[in-house]
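Here's the letter readout for the chains.
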Amino acid sequence: MDSVPAIVFKGVSKGFDAAGAGVKAVDGLDIGVASGKVTGLIGPDGAGKTTLMRLAAGLLVPDEGVIQVLGIDVVRHPLEVQSSIGYMPQRFGLYEDLTVQENLDLYADLQAVARADRQPRYRELMQMTGLAPFKRRLAGRLSGGMKQKLGLACTLVRPPRLLLLDEATVGVDPVSRRELWSIVYRQVRERGMTVLLSTAYLDEASRCESLILMHQGKCLGQGSPRSFSEPMRGRVFRVSTSSLGRRSLQGRLSAEPGILDAIIEGEQVRVVTRASGDMAFAGQLSDVDDLRVAPAEPIFEDAFISMLKRDEATAARTVPGRRKETPGSVPDTGEVIEVRDLQRRFGDFYAVRGVTFSVRRGEIFGLLGANGAGKTTTFRMLCGLLPVSDGVVRVAGLDLRRAAARARGRLGYMAQRFSLYENLTVAENLRFFASAYGLSRARRRERIAWALEAFELDTYAGASSGELPQGYKQRLSMAAALIHEPDILFLDEPTSGVDPLARREFWQRINALAETGVTVLVTTHFMDEANYCDRLVIMAEGEVLAEGTPADMKARFRSPAQPDPTMEDAFIGLIEQHEQEREGVA
Amino acid sequence: MKASAGSRMRLCGMIRKESLQILRDPSSIAIAFVMPLVLLLLFGYGVSLDAKHIPLAIVVEQPDATSTSLTGAFRRSDYFTPRNFDSIQAAQQALDAHEVYGIVWLRSDFSRHLLARGDARIGVVLNGVDANQARITAGYIQGVWQAWLLGYAQTQGVEFRVPVRLEPRIWFNAAVRSRDFLVPGLIAVIMTLIGAMLTSMVVAREWERGTMEALMVTPIRIGEILVGKLVPYFVLGMGGMLQSVGMALWLFDVPLRGSFWALSAASALFMMVALGMGLLISTVARSQFVAGQISIVVTFLPAFILSGFIFQIGSMPEPIQLVTHLIPARYFVAISQTLFLAGNIWPIVLSNSAALLVMMLIFLGLARRNARKRLD
Amino acid sequence: MEALRRIVALAAKELLVILKDKKSRFVLIAPPIVQLIVFGYAATFDLNDIPFAVYNQDRGAASRELIARVAGSPHFHRLADLDHEQQIAPLLDNKEVLMVMRLGPRFSADLQRKRNAQAQLLIDGRNSNTALLALGYLRTIVADFNADWAKQNGLPGPPAQLQVRPWFNASLLSSWFVVPGIVGLLTLVITTIVTALSVAREREAGTFDQLLVTPLRPIEILIGKSVPGILIGLVEGSFILLMTVYWFEVPLRGSIGALYLGMSLFLLSAVGIGLMISSLAVTQQQGILGAFLFLVPSVLLSGFATPISNMPEVVQYITLASPLRYFLVIIRGVFLEGDSYALLFDQYWPMAIIGAVNLTLAGWLFRHRMSY
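Residue numbers (our numbering), protein chains in the order written: chain A, 5 to 590; chain B, 476 to 851; chain C, 3 to 374.
No wet-lab data here; the hints were simulated from the structure.
The beta-carbon is built from N, C-alpha and C at its ideal position, and this holds for glycine as well.
One should not assume that every hint holds.
Simulated restraints, written as ranges between beta carbons of each label pair [stated by the list, open to error]:
(1) A/E450 with C/W351: 44 to 54 angstroms
(2) A/R122 with B/L717: 30 to 40 angstroms
(3) C/S75 with B/R761: 50 to 60 angstroms
(4) B/L717 with C/N50: 35 to 45 angstroms
(5) B/A591 with C/L263: 50 to 60 angstroms
(6) C/L263 with A/G338: 56 to 66 angstroms
(7) A/Q131 with B/V509: 36 to 46 angstroms
(8) A/G287 with C/M3: 54 to 64 angstroms
(9) A/R349 with B/L731: 49 to 59 angstroms
Kindly produce the complete structure, drawing on both the sequences and the hints.
As structure tokens, this is what we get:
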């Protein structure tokens, strides 16, 4: 129906010769993006999504091939293309020292929007984004979600015919994420805009009308979400049992040769088999009592995993061999982390106020919340990186204010982004951290050998850690955090910016660790990851909104309209409740 | 027609945005005003070549009227703070311990030789470690000595003749105040750094904050981005320049003998060169850290040492002399020292301005060529 | 014991990080060499081949003799002979010559008649230092001429003569003064920057948190971070010392031990400053800015380029806080004056005090900023 595709790539390649000489970010790509639709660009980290966007926007010149955008050759006439498209990069460059209105004015000037047309357009955008009350506020003072909405408003100030969104929702809390989506869809509906967006959230993929799946600079497939998930029918099952922990069940299932992927989904385990209708795994698990297996509706994620996992090696070695702690070294029943009435002030602003919870040994405990909810502040106080203003924090039975160094010797810490010495090799990093934790020479050698083996880093031991592939960097961070066999592992948004495949592998390791008795405290903004936690707290504005198991949280929001709420539904529900209560008070 | 209207709108938008940012973000204002203020104060007071109150040992082995008269001549001079010693050994110890800077040694037979035989010799010993200081001091001692000798001959009724007498006239700076030439030179050195830093850092800031990518995908042309940056920072830089000139005139009391307008015009040209350097740096540096460092390295040190503002270019080794032609501060130092101290000497002002104009075109041209609306 | 192991590990890691990074290796190697060349060769007050012009209205041999003596000096270069008064001003104005020597029509006659002959000298005073130096050279030439003339004509010479002897640097070479100073300048710059950035670099890369969660105590981190700065400063300082002695051929007259004692004290105070900046700076940019804010005044007020005694009195008191001030006296003293420990004692103790104060402050700031 749609006459001309909005974007056409023909045999496009683009390489960067920076590191690793001649890596092709985009490799002989042929795609077409239909007009008047929302097309999603999906792929693991480094698949070439951002490069594709930049090529389409005329910010990069391809090494070979032809790119046509809205029927114009981008390479020859970048300015013409740029005056009829809108592009929102990953981190939209708002001028933080300009106000909301001034940012809009600037982009209106740059896009040469006629003065007469401005006021109505501003009104419309302000109403859509809900930014009207904040027109005079500096952009730097807006919350993360509002910034992103303002960025979108700036991009839309002169309605473009084609809108490119590069991971526009990364790091945005679920509430703002939904609002952004509704603005985008409204543009498509009302103005017939074409939208190409890339995303790391696989659940967002299913909202697109058409998908392009990219991997290593190539297009693996293009079509509607259904056209991806439909072939998976008969390969997806939900498995549950009452006789075995879900984590053990998942461990057993992933070891099955017929099973491609097994993840924890609520109290059940979702399984993707290698062959359609292959139920052989059920027979293998006949020793498990009360094993229930039911076919499940396939979703895009299943297809994504099965298409990408084919060429990856089999999943990570499951157990990162840590000797089982003999019970008694830490009182087994005891609470390993105890937080009572924790406060943190910055000036007269309370970043954290009256937070209380406790974590038991061997538990995976989650801290969830939107940006600025206070979860990172809480987290940093727990690992001794930030002084406590008031309240009690006991970690491994030690008061952090007194026995800081000793307490620190018992915990492992993995930061949000890769934070090891990039120009040191893998082995040098491990050696340094082993020494920093005071391991003796013999013990050091033993633990480094263990780390290289368990995390499959042997082949990279001599490589600069900054040049490792993303997944390996994460493994190295974890190896460094575990080098001294800590009792407690702190993980601060460990999977942000990590593609879905690596995330799975990572959680597999964490599960195995927890099985050996290590306590894990984790913050995340991926709601689906909350399912991996035994218990969690949800925070907003420095306070705890709810505490409990994932199932408890979801159960609270079960209703006829929402018979099977996701963690994200529960989260949004809690935040809305909280806001209503606050307005009620005010 | 429509295109030019759009272009004007984009340019105005850019300029308005930059101006608002300047007003909101104190860092540009700090670079333009506080930095030159601090640097000029520091260098204006810290760098001085005028020796005054030099501690001088005067060894008088046999005090009498003649030696007292000579000692008095040194005492009356502003350049010296004499201390009397009665043996050369004691004076040498003081010299070793850096208590005095030089020794004037009147031997016991000084008066006798002076009066009777007319072949008295005075030994002068200087600490030669700082060669420049030693030369200047030697000159001062010579001056005091000669004046004393003439006066002495007159009082004694001795007709005493020097075959050739040197009559020096120091033009433009009769009082030989080093500050008068250091401050105008310093303005050139400091403003090179300021100009280059202003533009290189603001462009780098756009890269760092990710605003550049958003800017590039709008229909704005690269030339418009560059002009949009140049105009507001030119105004800001000229403000800093004006402040420096004001400080030179009223704080450091440097005379301005040439035309203020010629100085302003040359300053404007020089500011464009410095801003152009900054833009050129910005095409290479994409973080404020790197931009700031490159600016310091390529502007400050070379301008300080190689611009001729303090060290005579003609006395440097040939290859280094060639290098100095690439230093824009060199041309502005010549203009500013001339306009401040000597007046409107057009051949100097114009020829150096022409050099600055060429440099400006080169820097801006290179910046325009190297800056592409591309990310790679 | 465990603490020592941790410190050694940290110091070794710091060195490894600095030396493995191409950029920081470059920063450690290139600027010192460039600065050594630029300062060693270009930063000179010595005058060579200064252009001058002659306006000689006299026809006598005496005037030609005097002019020939000036032109024959390596300091001066005779650029032009003038024949009009009006030609003088443009030459000087346009900086084509630094000075014009003008001999009146009666010069030789006056000289023969034993009257005072006058030689007028017009000097461009825009750079007053250069003007004074040129005048000094010329005075010497004229004095020599006078003495010779008196001798040839059997005239009584002046009743007394000055005999100036500069000690320690008999031929008054600028480079003997400047080059040893670079040892101090560069060790200060390198050591301060290396330590000032060491924490900021980790803060930016996010590795500092990773370091803080290890059992390393603040004081251990402090020590581990200062070792590389001191080591690099020592190596770099020694390299420049060798260059000074063997390339620039500046005589080394005093005791090496006295020099290294001074260098050690000096490095301690530099490291203290670096660590203070380090504990305050969150980003490397702030670190650089802090280092710059410290380095520029402390170099300027150290007597590196111009004598401290020329500064206003208030400023002279401020210079007492600059460690470089003391070290420059030590290094120049050891090189040129042959000083030994006793003579330098007055330089050692202020540096020791500055070092102790800096390190204590750094330690306090460090603990304060990290709180735990």
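Verification of the hints:
Taking the beta carbon of each, A/E450 and C/W351 are about 51 angstroms apart, inside 44 to 54 angstroms as hinted. Under the hint 30 to 40 angstroms, the C-beta atoms of A/R122 and B/L717, about 37 angstroms apart, fit the expected range. For C/S75 and B/R761, the Cβ-Cβ distance of about 54 angstroms falls inside the hinted range of 50 to 60 angstroms, so the restraint holds. Distance hint check: the CB atoms of B/L717 and C/N50 are about 38 angstroms apart, consistent with the given range 35 to 45 angstroms.
Separated by about 54 angstroms at the C-beta atoms, B/A591 and C/L263 satisfy the suggested range of 50 to 60 angstroms. Checked against the hint of 56 to 66 angstroms, the C-beta distance between C/L263 and A/G338 comes to roughly 57 angstroms, which is consistent with it. One distance hint, 36 to 46 angstroms for the beta-carbon pair A/Q131 and B/V509, holds here, with the actual separation near 43 angstroms. The hinted window of 54 to 64 angstroms between A/G287 and C/M3 holds, with their beta carbons roughly 58 angstroms apart.
At roughly 56 angstroms, the beta carbons of A/R349 and B/L731 sit within the given window of 49 to 59 angstroms.
Violation of the numbered hints given earlier is absent; every hint is satisfied by the structure.
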